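**Q** If you want the building blocks of each chain, they are given just below.
Number of protein chains: 2
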Amino acid sequence: MSIDLEIARAATLRPIAEIAAKAGIPDAALEPYGKYKAKIGLDFVASARADRPRGKLVLVTGINPTPAGEGKTTTTVGLGDALNHIGKRAMICLREPSLGPCFGVKGGAAGGGHAQVVPMEDINLHFTGDFHAITAANNLLAAMIDNHIYWGNALGIDARRITWRRALDMNDRALRSVVGSLGGTANGFPREDGFDIVVASEVMAAFCLAHDLADLQRRLGRIIVASTRDGKPVTAADLKADGAMAVLLRDALAPNLVQTLAGSPALVHGGPFANIAHGCNSVMATTLGLHLSDVVVTEAGFGADLGAEKFLDIKCRLAGLSPDACVIVATIRALKMHGGVAKADLGREDVDAVKRGVANLARHVENIKKFGLPPVVALNRFTADTEAEIRAVQEAMAALGTEAILCTHWSDGAAGTVELAHAVMRRLDAKEAAFQPLYPDAIPLAEKIGTIAREIYRARDVAIPDSVLAKLKRFEAMGFGAAPICIAKTQYSFSADPTAMGAPVDHVLPVRDVRLLAGAGFVVAITGDVMTMPGLPRVPAAETIRLDEQGRIEGLF
Amino acid sequence: MSIDLEIARAATLRPIAEIAAKAGIPDAALEPYGKYKAKIGLDFVASARADRPRGKLVLVTGINPTPAGEGKTTTTVGLGDALNHIGKRAMICLREPSLGPCFGVKGGAAGGGHAQVVPMEDINLHFTGDFHAITAANNLLAAMIDNHIYWGNALGIDARRITWRRALDMNDRALRSVVGSLGGTANGFPREDGFDIVVASEVMAAFCLAHDLADLQRRLGRIIVASTRDGKPVTAADLKADGAMAVLLRDALAPNLVQTLAGSPALVHGGPFANIAHGCNSVMATTLGLHLSDVVVTEAGFGADLGAEKFLDIKCRLAGLSPDACVIVATIRALKMHGGVAKADLGREDVDAVKRGVANLARHVENIKKFGLPPVVALNRFTADTEAEIRAVQEAMAALGTEAILCTHWSDGAAGTVELAHAVMRRLDAKEAAFQPLYPDAIPLAEKIGTIAREIYRARDVAIPDSVLAKLKRFEAMGFGAAPICIAKTQYSFSADPTAMGAPVDHVLPVRDVRLLAGAGFVVAITGDVMTMPGLPRVPAAETIRLDEQGRIEGLF
Numbered sequence: 211m212s213i214d215l216e217i218a219r220a221a222t223l224r225p226i227a228e229i230a231a232k233a234g235i236p237d238a239a240l241e242p243y244g245k246y247k248a249k250i251g252l253d254f255v256a257s258a259r260a261d262r263p264r265g266k267l268v269l270v271t272g273i274n275p276t277p278a279g280e281g282k283t284t285t286t287v288g289l290g291d292a293l294n295h296i297g298k299r300a301m302i303c304l305r306e307p308s309l310g311p312c313f314g315v316k317g318g319a320a321g322g323g324h325a326q327v328v329p330m331e332d333i334n335l336h337f338t339g340d341f342h343a344i345t346a347a348n349n350l351l352a353a354m355i356d357n358h359i360y361w362g363n364a365l366g367i368d369a370r371r372i373t374w375r376r377a378l379d380m381n382d383r384a385l386r387s388v389v390g391s392l393g394g395t396a397n398g399f400p401r402e403d404g405f406d407i408v409v410a411s412e413v414m415a416a417f418c419l420a421h422d423l424a425d426l427q428r429r430l431g432r433i434i435v436a437s438t439r440d441g442k443p444v445t446a447a448d449l450k451a452d453g454a455m456a457v458l459l460r461d462a463l464a465p466n467l468v469q470t471l472a473g474s475p476a477l478v479h480g481g482p483f484a485n486i487a488h489g490c491n492s493v494m495a496t497t498l499g500l501h502l503s504d505v506v507v508t509e510a511g512f513g514a515d516l517g518a519e520k521f522l523d524i525k526c527r528l529a530g531l532s533p534d535a536c537v538i539v540a541t542i543r544a545l546k547m548h549g550g551v552a553k554a555d556l557g558r559e560d561v562d563a564v565k566r567g568v569a570n571l572a573r574h575v576e577n578i579k580k581f582g583l584p585p586v587v588a589l590n591r592f593t594a595d596t597e598a599e600i601r602a603v604q605e606a607m608a609a610l611g612t613e614a615i616l617c618t619h620w621s622d623g624a625a626g627t628v629e630l631a632h633a634v635m636r637r638l639d640a641k642e643a644a645f646q647p648l649y650p651d652a653i654p655l656a657e658k659i660g661t662i663a664r665e666i667y668r669a670r671d672v673a674i675p676d677s678v679l680a681k682l683k684r685f686e687a688m689g690f691g692a693a694p695i696c697i698a699k700t701q702y703s704f705s706a707d708p709t710a711m712g713a714p715v716d717h718v719l720p721v722r723d724v725r726l727l728a729g730a731g732f733v734v735a736i737t738g739d740v741m742t743m744p745g746l747p748r749v750p751a752a753e754t755i756r757l758d759e760q761g762r763i764e765g766l767f
Numbered sequence: 211m212s213i214d215l216e217i218a219r220a221a222t223l224r225p226i227a228e229i230a231a232k233a234g235i236p237d238a239a240l241e242p243y244g245k246y247k248a249k250i251g252l253d254f255v256a257s258a259r260a261d262r263p264r265g266k267l268v269l270v271t272g273i274n275p276t277p278a279g280e281g282k283t284t285t286t287v288g289l290g291d292a293l294n295h296i297g298k299r300a301m302i303c304l305r306e307p308s309l310g311p312c313f314g315v316k317g318g319a320a321g322g323g324h325a326q327v328v329p330m331e332d333i334n335l336h337f338t339g340d341f342h343a344i345t346a347a348n349n350l351l352a353a354m355i356d357n358h359i360y361w362g363n364a365l366g367i368d369a370r371r372i373t374w375r376r377a378l379d380m381n382d383r384a385l386r387s388v389v390g391s392l393g394g395t396a397n398g399f400p401r402e403d404g405f406d407i408v409v410a411s412e413v414m415a416a417f418c419l420a421h422d423l424a425d426l427q428r429r430l431g432r433i434i435v436a437s438t439r440d441g442k443p444v445t446a447a448d449l450k451a452d453g454a455m456a457v458l459l460r461d462a463l464a465p466n467l468v469q470t471l472a473g474s475p476a477l478v479h480g481g482p483f484a485n486i487a488h489g490c491n492s493v494m495a496t497t498l499g500l501h502l503s504d505v506v507v508t509e510a511g512f513g514a515d516l517g518a519e520k521f522l523d524i525k526c527r528l529a530g531l532s533p534d535a536c537v538i539v540a541t542i543r544a545l546k547m548h549g550g551v552a553k554a555d556l557g558r559e560d561v562d563a564v565k566r567g568v569a570n571l572a573r574h575v576e577n578i579k580k581f582g583l584p585p586v587v588a589l590n591r592f593t594a595d596t597e598a599e600i601r602a603v604q605e606a607m608a609a610l611g612t613e614a615i616l617c618t619h620w621s622d623g624a625a626g627t628v629e630l631a632h633a634v635m636r637r638l639d640a641k642e643a644a645f646q647p648l649y650p651d652a653i654p655l656a657e658k659i660g661t662i663a664r665e666i667y668r669a670r671d672v673a674i675p676d677s678v679l680a681k682l683k684r685f686e687a688m689g690f691g692a693a694p695i696c697i698a699k700t701q702y703s704f705s706a707d708p709t710a711m712g713a714p715v716d717h718v719l720p721v722r723d724v725r726l727l728a729g730a731g732f733v734v735a736i737t738g739d740v741m742t743m744p745g746l747p748r749v750p751a752a753e754t755i756r757l758d759e760q761g762r763i764e765g766l767f
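Chains A and B are the protein sequences, given in the same order. Count the first sequence with my numbering and you get residues 211 to 767, in order. Count the second sequence with my numbering and you get residues 211 to 767, in order.
For the record, the hints were derived by calculation from the structure and aren't laboratory data. Among the hints, a few may not be true.
Here are some chain B residues pointing at chain A (derived, C-beta under 7 angstroms) [said to hold, decoys possible]: (1) 238; (2) 241; (3) 336; (4) 343; (5) 386; (6) 390; (7) 391; (8) 392; (9) 756.
Every beta carbon over 12 angstroms from chain A, so not counted as near; a handful from chain B, in silico [as the list claims (entries may be wrong)]: (10) 384; (11) 434; (12) 438; (13) 648; (14) 684; (15) 748.
DSBU-like, lysine-lysine: derived pairs with alpha carbons at most 35 angstroms apart [stated by the list, open to error]: (16) 245/A to 553/B; (17) 245/A to 245/B; (18) 245/A to 450/B; (19) 245/B to 232/A; (20) 450/A to 232/A; (21) 298/B to 245/A; (22) 450/A to 245/B; (23) 579/A to 245/A; (24) 683/B to 450/A.
Note that this is a predicted model, so its numbers are computed, not measured. Positions of the beta carbon are idealized from the N, C-alpha and C atoms, including for glycine.
Construct the entire structure; sequences and hints are all you get.
**A** This is the structure:
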């Protein structure tokens with residue numbers, strides 16, 4: 211049994227109504243899902259947003275991820291716990307994990323050690339059913355497209371130009387590319403199709419950016435699923451699918467409340483991919499959290515070049531949020547990998563490698579400042595880290611005027627992040643934030659891509675083929691010129707080359723394609739191979755997951 | 211707004227803990243899902259089955275369905291309500307509705323009028339997520355099959371002989387027949403595949419027949435998904451998928467408690483197809499209900515030739531249940547259709563047509579007696595029914611020694627089924643039941659098919675091609691000779707010809723194919739076209755389903 215699971219099982223959870231009461235949520239607003247999970251009613255969300263003051267917003271992001279691991283989720287949980295520990299009212303906002311990766315290699319996504327959200331097995335499996343609801347909405351739309359064509363195609367959909375794909379919350383490479391509607395007249399017109407994992411569905415992105423139920427239904431209606439032979443877009447509203455999709459998502463849109471091992475309230479809601487989508491938990495949860503607490507601690511997917519940039523330029527821009535500080539998580543081990551050390555050699559002290567690798571961290575720190583936010587570095591400590599290695603990071607950060615705080619929440623829980631919590635509070639109390647998105651709404655879409663590439667990725671240039679530029683012009687002509695950009699890029703590097711670690715310079719960002727996600731409200735720029743349906747490994751985790759004789763789950767983590 | 215929905219919305223629901231307490235279920239055994247739904251913990255199910263006396267079991271079944279409608283679910287609800295009304299402790303056990311048909315033509319499946327289970331919108335949509343869990347388990351197994359082949363196919367699976375299909379809870383004809391794993395090396399080996407609606411998945415059947423979690427895991431392991439080139443079966447256990455599938459289903463296996471409009475407790479759990487599977491709610495729910503009440507009222511899919519026969523020969527046999535009485539639901543309208551009247555002409559009195567059509571009902575009455583059960587006919591009254599028509603039915607039933615009771619639960623609730631409740635109690639109090647399945651375990655599989663065809667369908671003969679007989683012999687050689695038979699046949703007739711209404715004679719039952727469902731534990735005999743993935747109609751209900759300005763659901767019913 212894993213240590214994470216052992217710790218989670220040993221914990222005594224408090225009834226969710228008690229956690230809710232502490233967070234200022236009355237019983238009447240709770241829809242319990244078992245004893246330790248609850249959804250928070252949409253009416254209460256609306257009234258809290260209208261009536262209560264808004265707290266501060268702190269984003270937890272990271273350096274470019276490496277196989278060494280960084281611990282962004284554990285730091286988010288640890289920071290929230292520590293803020294509560296020092297007497298602040300803090301709410302933690304996380305993404306919901308996808309079911310698919312649980313059965314592959316990834317394992318759970320509910321934190322670890324003494325910095326976990328619980329009940330971790332529920333959260334990692336079906337939880338409150340949100341992803342199943344999103345899957346159903348996605349696939350109802352797909353069924354209605356083929357059904358529309360089957361019954362005469364009054365809208366004139368060009369079957370070669372259907373862009374809407376089906377979805378499952380499963381790692382299943384066999385579904386990436388299929389030909390459907392085979393088998394004769396009764397089954398429709400055969401065409402190429404495919405499935406994405408549900409976190410890559412535009413329904414997920416629209417769900418996470420919706421301000422309320424009415425906004426969600428409008429966004430769903432705007433989703434473009436295909437075009438006619440003469441290029442006219444066909445939307446979910448044209449197919450009259452938006453209403454039923456919203457009905458399927460009504461209960462799911464209510465944020466989910468759980469607790470950390472330390473008893474902090476946590477809203478775990480929504481979970482879009484961080485490449486093809488914006489990689490943050492729902493606007494519903496974040497805004498609710500802000501009106502229930504002094505400080506919301508939330509995280510964004512991948513490193514700060516993708517996660518923080520999208521959180522700030524997409525989520526905060528579209529939701530009217532103004533964050534107040536940003537924590538950047540790093541580990542000595544990961545910095546050594548950015549400095550060129552192989553994973554097998556991480557056990558040896560290598561101060562020079564740390565000094566080289568810290569360039570990755572330093573660039574993220576500089577980038578965060580470009581958004582007008584004060585950064586704090588959280589150095590997530592591992593036992594093998596040496597004093598000299600730690601000093602190398604702290605000195606580099608001091609040179610940038612940024613604190614780098616050692617954290618030991620994995621082993622010590624809230625006590626291990628108290629210093630980080632104080633550092634964050636210093637930034638908040640000093641009111642240092644002057645948030646502004648990286649680029650204004652009004653500049654051309656191509657220019658927005660160029661701005662992100664140059665300012666955040668530090669690319670020398672952007673390569674956009676004429677055909678792709680023409681698509682961007684078409685999106686602008688369609689009225690989507692003000693949309694923010696969501697870049698799908700490797701998470702392992704500032705550049706589009708996943709092997710270029712540290713702080714690569716002089717690279718060119720190649721934009722292969724662009725897509726308009728009209729329902730989500732952003733334009734995706736694709737800069738490499740984007741995997742929207744993972745596969746299972748040679749020996750999937752599923753093979754060792756089972757129930758023991760007491761009916762308890764074995765092998766999930 | 212439909213009348214059903216209007217009535218449901220006007221109802222004041224009681225907190226589910228109150229309903230549970232009335233049914234003898236302590237708070238500690240409840241896992242609430244919102245305020246009006248709860249799962250009942252597996253530990254409590256086990257202890258109730260061990261410690262509490264077992265009540266009586268009453269099956270509600272019907273004549274062969276017609277477009278006129280019979281009202282089996284409303285009668286089940288009405289009878290349960292009336293039994294509680296007259297001072298018995300009754301539990302209602304129903305199947306969970308499938309999400310797919312809600313968006314097609316069917317509408318909801320939670321009863322109607324004043325005989326409904328509520329909250330009806332939840333029950334008809336995601337409910338407690340059971341079907342989503344079953345979908346995930348089905349599709350994890352599918353992914354593990356293709357993944358196994360992808361990584362070298364150590365088990366030697368013959369890709370042409372994979373019988374396991376993927377599943378969704380959606381009406382989507384485009385997925386009936388697909389070719390998957392297209393797109394190159396990274397996506398696997400292309401092969402023919404397809405999706406069934408989840409109620410047709412063997413996981414659903416195994417789930418509904420499982421006695422407990424350990425039994426479920428064993429059943430899942432036995433599921434045969436493919437064979438090798440030399441015909442050796444490959445199971446879910448061979449693929450090591452059974453454990454993870456059981457983990458996905460763990461929470462789902464706990465029965466769901468809701469209430470009727472009259473406040474009766476109802477267990478709504480599981481919902482396998484009634485053609486390719488056995489069409490009853492879960493063994494978990496039925497056995498729990500029996501140990502919580504004086505009388506369990508439950509229903510089975512389609513008419514008694516399919517639903518009751520399978521309930522008795524499959525579910526009761528495999529679960530060791532011994533039912534005590536059987537209610538057969540009919541309407542004057544439907545009997546007139548069996549007597550040859552067109553739907554458009556049902557408004558006119560036609561006593562002769564009733565007299566002709568009653569032959570269908572009479573045969574079902576005779577059949578039920580063959581199982582050693584006392585039948586009671588419930589005549590579900592419509593306003594246009596005339597006294598002379600009703601008398602024709604009652605006289606025909608009296609000639610068989612069977613009571614035919616007029617019911618008006620749709621408009622009157624429990625008061626409209628009090629007389630039926632008394633008639634049922636007379637049968638129970640007289641201890642008339644001497645239940646025995648139609649055929650013993652030990653006879654050959656082909657002979658079991660013949661017995662059902664002759665005794666229940668009144669076929670002159672059964673036509674089984676030699677190739678199909680050879681398959682049955684193979685199943686016997688594999689050790690499944692004792693399995694019961696599940697016949698997939700049209701529900702509209704005793705025969706395999708859907709247009710042969712009334713009580714057809716001299717027909718031959720053609721068995722086209724047989725399948726071994728080793729996990730569910732029965733052999734399916736297919737006698738016609740079996741649709742395992744419905745399509746959407748020209749104007750799907752989904753087009754008019756949406757949220758109103760208060761966020762309430764419109765158009766679902």
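**Q** A separate judgement is required for each hint: does it hold in the structure or not?
**A** Do the hints match the structure? See the list:
1. Against a cut-off of 7 angstroms between C-beta atoms, the interface hint on residue 238/B is violated, since the closest Cβ of chain A lies about 9 angstroms away.
2. The beta carbon of residue 241/B comes within 4 angstroms of a beta carbon in chain A, closer than 7 angstroms, and the hint placing it at the interface holds.
3. Against a cut-off of 7 angstroms between C-beta atoms, the interface hint on residue 336/B holds, since the closest Cβ of chain A lies about 6 angstroms away.
4. Because the smallest distance between the Cβ of residue 343/B and any Cβ of chain A comes to about 6 angstroms, under 7 angstroms, the interface hint for this residue holds.
5. With a least beta-carbon distance of about 5 angstroms to chain A, the hint placing residue 386/B at the interface is held under the 7 angstroms criterion.
6. Nearest Cβ of chain A to the Cβ of residue 390/B: about 5 angstroms, under the 7 angstroms cut. The hint holds.
7. Interface hint at residue 391/B: satisfied, since its Cβ lies 4 angstroms from the closest Cβ of chain A, which is below the 7 angstroms cut-off.
8. A cut of 7 angstroms between beta carbons decides the hint on residue 392/B: the least distance to chain A is about 4 angstroms, and the hint holds.
9. Evaluation of the residue 756/B hint against chain A yields a held restraint, the C-beta minimum of about 3 angstroms falling below 7 angstroms.
10. Some Cβ of chain A comes within 12 angstroms of the Cβ of residue 384/B; the nearest lies about 4 angstroms off, and the non-interface call is violated.
11. With a least beta-carbon separation of about 19 angstroms from chain A, residue 434/B lies farther than 12 angstroms from that chain, consistent with its non-interface assignment.
12. Distance check on residue 438/B: its Cβ is at least 19 angstroms (rounded) from any Cβ of chain A, clearing the 12 angstroms threshold; non-interface status holds.
13. Listed as outside the interface, residue 648/B is consistent with that label: its C-beta sits roughly 35 angstroms from the nearest C-beta of chain A, beyond the 12 angstroms cut-off.
14. No beta-carbon of chain A comes within 12 angstroms of the beta-carbon of residue 684/B; the shortest separation is about 27 angstroms.
15. Residue-level check failed: residue 748/B sits 5 angstroms from the nearest beta carbon of chain A, not beyond 12 angstroms.
16. Restraint check: the Cα-Cα separation between residue 245/A and residue 553/B comes to about 51 angstroms, which exceeds 35 angstroms; the hinted pair is violated.
17. Straight-line distance between C-alpha atoms of residue 245/A and residue 245/B comes to about 12 angstroms, which keeps the hinted pair within the 35 angstroms bound.
18. Pair hint residue 245/A plus residue 450/B holds up; C-alpha atoms about 32 angstroms apart against a cutoff of 35 angstroms.
19. Distance check on the hinted pair: residue 245/B and residue 232/A sit about 21 angstroms apart at the alpha-carbon level, within 35 angstroms; holds.
20. The hinted pair formed by residue 450/A and residue 232/A fails the criterion: a straight-line CA distance of about 43 angstroms is larger than 35 angstroms.
21. Straight-line distance between C-alpha atoms of residue 298/B and residue 245/A comes to about 32 angstroms, which keeps the hinted pair within the 35 angstroms bound.
22. Distance check on the hinted pair: residue 450/A and residue 245/B sit about 32 angstroms apart at the alpha-carbon level, within 35 angstroms; holds.
23. Restraint check for residue 579/A and residue 245/A: the C-alpha separation of about 42 angstroms exceeds 35 angstroms, so the hint is violated.
24. In summary, the hint linking residue 683/B to residue 450/A is not supported, as the alpha carbons are separated by about 51 angstroms, beyond the 35 angstroms threshold.
In this structure, the hints that do not hold are numbers 1, 10, 15, 16, 20, 23, 24, in rising order.
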